Structures are given as structure tokens and as C-alpha cells.
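Asker: Sequence:
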Amino acid sequence: MDDFLVSNPAQIAYLLARLRAGHSLLNVRPAGSGETYSSMLLDIDAGRHGWITLDQLYPPAGHRLVQPGTLLRISGRVDGVDAYWHGRVDRIEQAERGAVYRTTWPSVMEYRERRAVFRIAVPPGVHIPPSVFRTNDDIFKAQLLDLSTLGLGALAIDPCSLSVGDQLRCTLVLPDEKHLSVNLQVRSVRSTHSRLRFGALFLDPTTEQQQVIGRTVAALQRHWIQQVGHRRVA
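With this note's numbering, letter number 17 in the sequence shown gets 17, and the count goes up by one each step, no holes.
For the record, the hints were derived by calculation from the structure and aren't laboratory data. Computed from a predicted model, the values in this text were never measured in an experiment.
Using 20 Å as the maximum straight-line C-alpha spacing, the simulated EDC-like pairs for lysine to aspartate or glutamate come out as follows:
no.	residue 1	residue 2
1	178	146
2	141	166
3	141	158
4	141	176
5	178	208
Simulated restraints, written as ranges between beta carbons of each label pair:
no.	residue 1	residue 2	range
6	32	124	34 to 40 Å
7	77	191	17 to 23 Å
8	215	49	25 to 31 Å
9	192	73	29 to 35 Å
10	69	179	50 to 56 Å
11	159	211	30 to 36 Å
12	35	110	19 to 25 Å
13	91	4	27 to 33 Å
14	82	159	32 to 38 Å
15	215	138	27 to 33 Å
16	134	191	20 to 26 Å
17	161	51	47 to 53 Å
The C-beta atom is built at its ideal place from N, Cα and C for all residues, glycine as well.
Work out the full structure: start from the sequences and follow the hints.
Answerer: Put into C-alpha cells, the structure is as follows:
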């Protein structure tokens with residue numbers, strides 16, 4: 001699995017939003033410590049001076065290592081992929097169930113991803129009708145799960161049989177309910193709760209198709225940021 005650095009502010013906000021939405025457990029190592037402690041991402045503010053709020057470190061010995069100015073090495077998993085960043089503690093606040101740390105917004109994150117491009121999951125609350133996929137022998141509907149400029153992930157709604165290498169013709173339904181006809185090649189297939197989840201790459205998309213897909217990826221990314229922007233710890 002390859003490491004690459006994410007410095008695009010919108011992509012950083014997206015990764016942090018996914019961690020928050022998934023209630024992902026974080027591993028945190030204070031500077032100068034050889035031990036790693038657990039925490040959770042409680043809230044983020046993706047505004048101009050963005051900040052992140054973390055829960056008190058556990059076990060409690062970790063909390064005693066944290067003070068304003070402490071640099072933290074933080075990691076979590078986004079859709080099964082490891083993400084790493086550094087945050088400096090700006091201040092420590094007392095909440096109902098213990099301390100919370102307000103930390104600086106990362107300028108860069110390490111992201112260990114197999115893919116060569118960034119994929120964006122369809123945000124909760126964004127309704128996209130199922131798309132229609134065709135093989136040489138079958139027609140089935142599938143729900144779009146994620147999208148990148150090179151391909152997509154989807155969950156089959158109808159019974160179907162797919163193998164890696166299969167070519168598909170797809171009438172892809174986009175968030176604005178516009179339709180885009182594309183050709184795909186299946187790159188991964190796995191069963192999820194008796195349904196097939198698959199990943200596929202676009203085959204020779206036209207310039208116009210690439211532009212439409214790129215705008216859709218950017219729109220999904222903005223939606224994630226809008227969901228978490230300017231939120232505060234309750």
C-alpha cells in the first residue's frame with residue numbers, strides 16, 4: 001500500500017469529516033513519549049482558521065503528558081485506510097465527561113491508499129437514485145457508494161454475477177440526477193450482506209465525461225465540508 005501526502009485543504013477536511021462521522025478510534029502519541037494513547041475526534045471547524053477537538057487521552061497517564069503547545073502525532077482509519085497527521089494543542093478545556101483538546105488544523109496528512117487518486121464517498125443525506133449497469137448477459141441496478149476521477153464503487157441492488165475484468169456499460173445517475181453513459185471495467189468484487197459490492201474504472205472517458213465526473217467529485221467533497229464546517233463541541 002502506497003503512502004501519499006494530502007495537502008489540498010478540501011481533501012483534508014473530507015478525511016477529517018469521515019473520521020468524525022464514523023466515530024473512529026484515534027491513536028495519539030504526544031511528542032517525547034514512546035507510548036500511544038486512544039482518543040476520538042469530537043468536532044472540527046473547517047473555517048478560515050480551522051481547528052480540531054479531541055477527547056481526553058486514555059489511559060489517563062496520556063492526559064498528564066498533554067499541555068498547551070504539546071505536539072501530537074495522530075492516526076485513524078478512513079474506510080479501512082490509515083491517515084496520519086500532526087496537531088499542536090492550542091488549549092485544554094473541561095467538558096462534562098473530562099478534558100478535551102483543541103488542536104491546530106493540519107497543513108498536510110499522510111494517506112495510505114492503494115489507489116492513485118482520491119475517492120469521495122457519497123455523503124449521508126445525499127440521495128442518488130440507483131444507476132443501471134449492463135454486461136453482455138445481464139442488466140442490474142446498483143447504488144453509487146463512492147466516486148473518483150478514475151472510477152467508482154457501487155453496491156448491487158439486483159442479483160448479478162460479476163468477475164474482475166468484466167466490462168460494463170453504465171447509465172450513471174449523478175447527485176443532480178443527470179445521467180452519464182460510461183464504460184467501465186470491474187477491478188474488485190466482494191460480497192456484503194448477500195449483495196455484491198464492486199469497484200470499477202472508467203474506460204476511455206471523453207474529455208466532456210471527465211469534466212462532468214470531476215465537477216461531481218468536487219461537489220461531493222464540498223458537501224462533506226459543509227456538513228462539518230463551523231461546528232462546535234456541545
